[in-house]
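Guided by the hints, dock chain B onto chain A, whose structure is given.
There are 2 protein chains.
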Amino acid sequence: MSKKPLILVTNDDGISAPGIRTLIEVMKDLGDVVVVAPDSPQSGMGHAITINSTLHLERVVIDSGKQPEYSCSGTPADCVKLAVNEILDRRPDLCVSGINHGSNSSINVIYSGTMSAALEAGIEGIPAIGFSLLNYNYNADFKASKPFVKQIVKNVLKNGLPKDVVLNVNIPNLKRSQIKGVKICRQARANWEEEFDKRKTPQGKDYYWLTGKFVNLDKGEDTDEWALENGYVSVVPVQFDLTAHHCIQQLNTWNFND
Amino acid sequence: MSKKPLILVTNDDGISAPGIRTLIEVMKDLGDVVVVAPDSPQSGMGHAITINSTLHLERVVIDSGKQPEYSCSGTPADCVKLAVNEILDRRPDLCVSGINHGSNSSINVIYSGTMSAALEAGIEGIPAIGFSLLNYNYNADFKASKPFVKQIVKNVLKNGLPKDVVLNVNIPNLKRSQIKGVKICRQARANWEEEFDKRKTPQGKDYYWLTGKFVNLDKGEDTDEWALENGYVSVVPVQFDLTAHHCIQQLNTWNFND
Chain A
3 MSKKPLILVT NDDGISAPGI RTLIEVMKDL GDVVVVAPDS PQSGMGHAIT
53 INSTLHLERV VIDSGKQPEY SCSGTPADCV KLAVNEILDR RPDLCVSGIN
103 HGSNSSINVI YSGTMSAALE AGIEGIPAIG FSLLNYNYNA DFKASKPFVK
153 QIVKNVLKNG LPKDVVLNVN IPNLKRSQIK GVKICRQARA NWEEEFDKRK
203 TPQGKDYYWL TGKFVNLDKG EDTDEWALEN GYVSVVPVQF DLTAHHCIQQ
253 LNTWNFND
Chain B
3 MSKKPLILVT NDDGISAPGI RTLIEVMKDL GDVVVVAPDS PQSGMGHAIT
53 INSTLHLERV VIDSGKQPEY SCSGTPADCV KLAVNEILDR RPDLCVSGIN
103 HGSNSSINVI YSGTMSAALE AGIEGIPAIG FSLLNYNYNA DFKASKPFVK
153 QIVKNVLKNG LPKDVVLNVN IPNLKRSQIK GVKICRQARA NWEEEFDKRK
203 TPQGKDYYWL TGKFVNLDKG EDTDEWALEN GYVSVVPVQF DLTAHHCIQQ
253 LNTWNFND
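Each protein sequence line maps, in turn, to chains A and B. For the first sequence, this note's numbering gives the first residue as 3, with consecutive numbering after it. For the second sequence, this note's numbering gives the first residue as 3, with consecutive numbering after it.
The following block holds chain A by itself, in its conformation from the complex (with noise of 0.2 angstroms):
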C-alpha cells in the first residue's frame, strides 16, 4: 500500500475546469490524487446539500493522469460527502478544492461552492484548503499559483491543521514575480452592494439578474482584501463554528418572562 498521503481533490467550477487541472497537477507531486468533482459549475451554492434529488456518480477520464476521477451531478459538499462515504477506501489525509476562477476573500467565503467544500471536508475531521484565484476568467493563467498552493499544502501535510479549521487561500491575478509572498490574515468585513438588472420577458413580465459591487468597509491591514490588494496571497483560518461567543454574556441580560 502506497505510503503517500491520499489527496481529495475537488472544486465547484466543474471537473474540467482549468483550475482543478492545475490543483491536480500539483497534488500529483505531494501524494495519491483521487478527484470527485460536480459534472458542472456549481458557483454561488454556498454549503448547498442534495437531501430531495437523487445524486448519480460517473468514472471519467479527462487527461493522460493515473488520478481517478468522478464525476458527481450534485453540489461541492455531495461530492465530499459521496467521496468519503462511498469511493475512497481509506480516510483522505487532505481535502483540496479550487482552484477556483475567481476570488473567495471576505464576506464571499460564506457564499462560496469551493469553501464549502472545504468546511464539508472539515466537519468530517479531514484537514483542507480552498483555493482561488482573482480571475473570474475560463482561461485564466494558474501558472504563478503553482508554487504557492504547493508550499501550502506541504506546510498542512506536515504541521496538520488546528482542530476545526480550514484554510481559505486567495491568489491575486499577477505574476509570480509580483507575488510578495504569503499573508495569513483574518476575513475583512465586506458585503455586496446588490444592483438587480430589471427586463422583461417576451411575455412582458419582469425578471431580475442578480448583479452588484463589492464593497470593503474594512480598512485593517490584517485583512485578506489588504493582503490581496497589496500583492500577497493571502491565507484565513476558517472555522465552522459560528457561535459569537462574545455576545453570550450580554444576551443573557435580555428579558424572556414579560
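In short, the hints are calculated from the structure, not lab data. The structure displayed is predicted, hence computed values, not measured ones. Only true hints are included.
Copies of the same chain look alike in the list, so a pair counts if it works inside one copy or between any two.
Cut-off 27 angstroms, straight-line C-alpha distance, at most; resulting in silico cross-link-like pairs (DSSO-like, lysine-lysine):
hint : residue 1 : residue 2
1    : K221      : K165
2    : K30       : K6
3    : K215      : K200
4    : K215      : K165
5    : K182      : K30
6    : K68       : K148
7    : K207      : K68
8    : K145      : K68
9    : K160      : K30
Chain B alone, transformed into the frame defined by chain A:
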C-alpha cells in the same frame, strides 16, 4: 407613514408552509409585515445565491391578511436581496426567517436555508433571527412556539442586536407547559454520519440518496443541543466572520519560503 417597525418575513420551506404562516401571524402583532419567500421548498440550500439564472417574483395572496406577499423563484438569500433592493421602500427594522419545519441547531446552521436568509440580512446590516421547530412534519403544531417567538422578537426590537450578529433560535417539539424557558447557548460540535442509500436505476446504473445520522460529539451543558434535549428554547448568537482568530498566531510560525 406607519411608526410600526417594518418586518421582512421569509423562510426556506416555501411561502405556503405552515411554519411561515405562523410566523407571519405572530409578526402582525409587532409591526408592518412584508413577506418575500421561495415559491418552493429550499431545504439544505445553505447560503446559495442565484448568479447564473434569472429570478422571478410574483405578488400572491395566501391568506386573508393585509400583508403584501411575494413568491420568489430563488433561494432564501435571493429573497432577502430582492426584498431589500427591489420591493421594500424603506430598510426593514427586522428580518425573521422560518419557522422552519425541522431543527437548525448545531452544525445544521451551515446547511440551513432558514439561517442563510437571516445571515444575508445580517450582512446587509439588518437585525435578523431564524426560527426552527424540532419537527420535520408539514403538519407540525406551531402553537407552543408562538409565545417564545414573540418574546424573542420583542427583545430584539427593544435592544437591537450586537453588530454583525444574528440569532439562531430552535424550539423543542413539546407542549407549551413542558417548555422550561429560553437559554442563550453556543453551537454544539456535532456532525452527520452519512449513510448513502445506493440504488439502481431501471437501466441498471447506480445512484444515491443522501441519508444520515446526526451525532452530537459535544457534552457541554452550554450548547444548543443540551438546551433542546432538556426542554429549553435555544438561542445561539451567530456571526458571519468565520475567521478562526485563535489560530492566526500559530499559522504565522509556518514556513512558506522553502
